[in-house]
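*Asks:* Next come the chains, spelled out residue by residue.
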Amino acid sequence: GAGVSQSPSNKVTEKGKDVELRCDPISGHTALYWYRQSLGQGLEFLIYFQGNSAPDKSGLPSDRFSAERTGGSVSTLTIQRTQQEDSAVYLCASSFRTSGTSYNEQFFGPGTRLTVL
Amino acid sequence: GQSLEQPSEVTAVEGAIVQINCTYQTSGFYGLSWYQQHDGGAPTFLSYNGLDGLEETGRFSSFLSRSDSYGYLLLQELQMKDSASYFCAVPPLYNTNAGKSTFGDGTTLTVKP
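As you go down the protein sequences, you meet chains A and B in turn. Residue numbering for the first sequence follows the working numbering, starting at -16 and increasing by one per position. Residue numbering for the second sequence follows the working numbering, starting at 27 and increasing by one per position.
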């Protein structure tokens, strides 16, 4: 596709329910990132994929959060037993990830706004 | 750990010049990037400094001083559409499996007529 897409754009759920957020990265981008952004805050790193593997899961806040990526493309972030503090905008980004020290610009999707009631 | 500090808000008038500063404390550092985010929108890349000095891209310039752990984004000839949040960020370490970019909390720029 032309850019990174995410679905749904908005999700309202009840506390305790599970949610799945989807990210469709730019074709050919090997790296995929998930971030969380609370109102008026910066981006909080959650997880990084290179291909289908996740070498860096250090940002996942608890074991209720998990993510997978299939076919080196689409990724799903799952939040189980949602809590009110999970309410935020979840952003996905993709990039090339090359060796060396060249910078690989991250292209962000529009985000999913999650509201847990 | 890593942390970046930038002012929370900046206000300027159309046509003016504004500088948004960013100081950082990081373990392992390759460079400093800047992203723009309009209200309700996705962050978009503006610039990257891998070396000390000034990088210029049109009306926007970015500066890095490694010795001072400091950088800034300079916006010239401000336009109303420049009203947005601006984030400095330290990218993940290369040649590693690290994925974490550390972002500042953002500076909200308001451009007034």
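Hints were generated in silico from the structure; no laboratory data involved. A quick note: this is a predicted structure, and the numbers were derived from the prediction, not measured. Take the hints with a grain of salt, since some may be wrong.
Beta-carbon label-pair distances, calculated as ranges [to be verified]: (1) B:Thr49 x A:Arg64: 18 to 28 Å; (2) B:Thr136 x A:Ser49: 31 to 41 Å; (3) B:Tyr96 x A:Val57: 32 to 42 Å; (4) B:Asp94 x A:Thr61: 34 to 44 Å.
A short list of chain B residues far from chain A (calculated; beta carbon distances all over 10 Å) [to be verified]: (5) Leu30; (6) Thr128; (7) Asp131.
The list that follows gives simulated cross-link-like pairs (lysine to any residue, SDA-like), each with its CA atoms no further than 20 Å apart [to be verified]: (8) B:Lys126 x A:Ser41; (9) B:Lys126 x A:Val99; (10) B:Lys126 x A:Lys(-2); (11) A:Lys40 x B:Asp65; (12) B:Lys126 x A:Leu43; (13) B:Lys126 x A:Asp46; (14) A:Lys(-2) x A:Val99; (15) B:Lys126 x A:Ala71; (16) B:Lys126 x A:Thr13.
Idealized CB from N, CA, C, for every residue including glycine.
*Asks:* Between the beta carbons of Thr136 (chain B) and Ser49 (chain A), is the distance compatible with 31 to 41 Å?
*Replies:* 39 Å, holds
*Asks:* CA of Lys126 (chain B) to CA of Ser41 (chain A), is that 20 Å or under?
*Replies:* 8 Å, holds
*Asks:* Checking a non-interface call: every C-beta of chain A should be farther than 10 Å from the C-beta of Leu30 (chain B). Is that right?
*Replies:* 8 Å, violated
*Asks:* Next pair to validate is Lys126 (chain B) with Val99 (chain A); report whether the Cα-Cα distance is within 20 Å.
*Replies:* Given that 20 Å is the threshold and the Cα spacing comes to 26 Å, the pair is violated.
*Asks:* Decide if the proposed pair is consistent with the structure: Lys126 (chain B) and Thr13 (chain A), CA atoms, cutoff 20 Å inclusive.
*Replies:* 15 Å, holds
*Asks:* Assess, step by step, whether the Cα of Lys(-2) (chain A) is no farther than 20 Å from the Cα of Val99 (chain A), and give holds or violated.
*Replies:* Satisfied, since the Cα-Cα distance of roughly 6 Å is no more than 20 Å.
*Asks:* Compare the distance between the alpha carbons of Lys126 (chain B) and Lys(-2) (chain A) with 20 Å, and conclude whether the hinted pair is satisfied.
*Replies:* 28 Å, violated
*Asks:* Just want to verify: Asp131 (chain B) was marked as not at the interface with chain A; is every Cβ pair farther apart than 10 Å?
*Replies:* 4 Å, violated
*Asks:* For the pair supplied as a hint, Lys126 (chain B) and Asp46 (chain A), confirm whether the alpha-carbon distance does not exceed 20 Å.
*Replies:* 18 Å, holds
*Asks:* Would the hint linking Lys126 (chain B) and Ala71 (chain A) be met if the CA-CA limit is 20 Å?
*Replies:* 19 Å, holds
*Asks:* Assuming the hint says 32 to 42 Å, is it satisfied by the Cβ distance from Tyr96 (chain B) to Val57 (chain A) or not?
*Replies:* Given range 32 to 42 Å: holds, Cβ gap about 40 Å.
*Asks:* Quick one, are Lys126 (chain B) and Leu43 (chain A) close enough, alpha carbons at most 20 Å?
*Replies:* This hinted pair holds, its Cα atoms lying about 11 Å apart.
Hint check: violations occur at hints 1, 5, 6, 7, 9, 10, 11; the rest are consistent with the structure.
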